[in-house]
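Respectively, the protein sequence lines represent chains A and B. This note's numbering numbers the first residue of the first sequence as 160 and each following residue consecutively. This note's numbering numbers the first residue of the second sequence as -15 and each following residue consecutively.
Any given hint could be a false lead.
Computed, partial: chain B to chain A, Cβ under 8 Å [said to hold, decoys possible]: (1) Ser52; (2) Ala56; (3) Gly61; (4) Thr92; (5) Leu103; (6) Phe104; (7) Asp108; (8) Ala112; (9) Leu181; (10) Ala194; (11) Ala198; (12) Gly219.
Just so you know, the hints here were simulated from the structure itself, not pulled from any lab data. Don't be surprised by glycine CBs; every beta carbon is placed ideally from N, CA and C.
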Amino acid sequence: MTAPLASAPALETFLTIGGMALATYSSRAAGLALMSRITVTGRMERFMKAIPGAILASIVAPSALTAGPADAIATGITAAIAWKFGNLPIAMIAGVGSALALRALLA
Amino acid sequence: MNTPHASSPAFGPLHFTLRGALDGARACLPIALGVGVYGVLFGLLARQKGLSLTAALSMSSFVFAGASQLIAMDLWGPELPMLSLIATTFIVNLRHVLMGAALTPWLTRLTPGQAYGSLFFMTDESWAVTLGRYSTDLRRGAASDGAWLIGSGLAVYLSWNISTALGHTLVRGLEDPAKYGLDFAFTAVFMALLVGLRPRRCDLLPLIAATAAALLGGKFLPGKWYILAGAFAGGLAAALLPAPAPTSTCSTEEPK
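Extracted from the complex, chain A is given alone in its bound form (with noise of 0.2 Å):
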């Protein structure tokens, strides 16, 4: 095992963890407390029914549209095994399994 030459102070250390904790921790909480002090309606309830599609989308485009045929073919194949069965697991073991494929094939 090799140990490492330095490493920071712990002081340091655990006061850098706490403020990492409490931003993340106020991120998770801030999108509650604000919505529930204000009612949406109209565009802004649009916009906010829109939201959990969006961030769907943004998080699978660019590792299904920008990582190759193999990639963008296997996120194909995942929609249309979801779509299908309607069960996670499977949709899962079939995009890993035909990422795997296909890279292979493809690549």
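Fit chain B to the supplied structure of chain A, relying on the hints for placement.
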């Protein structure tokens, strides 16, 4: 994508049962195991950067945010850039604000303790699994269990912390997860959950806007900003398009 909204009437309190938490945990289990691969990677990097097991586990249990923890290990050194580490963590996690906001119609039907406690455990994965389930409940007119979010979150939490400890103590080298296609597991899960929202034709333009903005964001913005860029583009597209007719399935008006 039939998410309700806070202004809808007739929403009573939600159940918050152990059974619901266990169902949520079970639904999130496959993806929680996938998260564990990255937890091992984090534990390994943390040891290399000189973090004690206590420090690594404190970070995984109190911060509990995969992307920010891995980025933090990149910036970590004997001279700790504390403020930029904290600021980076906040920026990387800004997407959680929108995720929490999207769950508000359900979270406001829990006690504040249940809601804000559940939110501590919210990750991309447990958020998506829970939202998918609640949308399905809504489509079928079934009652939702408010404990899904904390249940699915705890499954990821346990996996993340156990794998951090494993990576720190046992693992001496890690093969690239891509070798086994494991990197694709996340793309597959989020794609399946997107399909599970059953987008309708009126959702198409916002989804295209989100995809385009995320691709641009991925090219030109650092870190996870592309998710925020895509989310805003999708939301704006939906807000700026003309309101659907009250008779259409896409209408936000309650049926009269």
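Quick rundown of the hints versus the structure:
{"no.": "1", "hint": "Ser52", "result": "holds, 7 Å"}
{"no.": "2", "hint": "Ala56", "result": "holds, 7 Å"}
{"no.": "3", "hint": "Gly61", "result": "holds, 7 Å"}
{"no.": "4", "hint": "Thr92", "result": "holds, 5 Å"}
{"no.": "5", "hint": "Leu103", "result": "holds, 5 Å"}
{"no.": "6", "hint": "Phe104", "result": "holds, 6 Å"}
{"no.": "7", "hint": "Asp108", "result": "holds, 7 Å"}
{"no.": "8", "hint": "Ala112", "result": "holds, 6 Å"}
{"no.": "9", "hint": "Leu181", "result": "holds, 5 Å"}
{"no.": "10", "hint": "Ala194", "result": "holds, 4 Å"}
{"no.": "11", "hint": "Ala198", "result": "holds, 4 Å"}
{"no.": "12", "hint": "Gly219", "result": "holds, 4 Å"}
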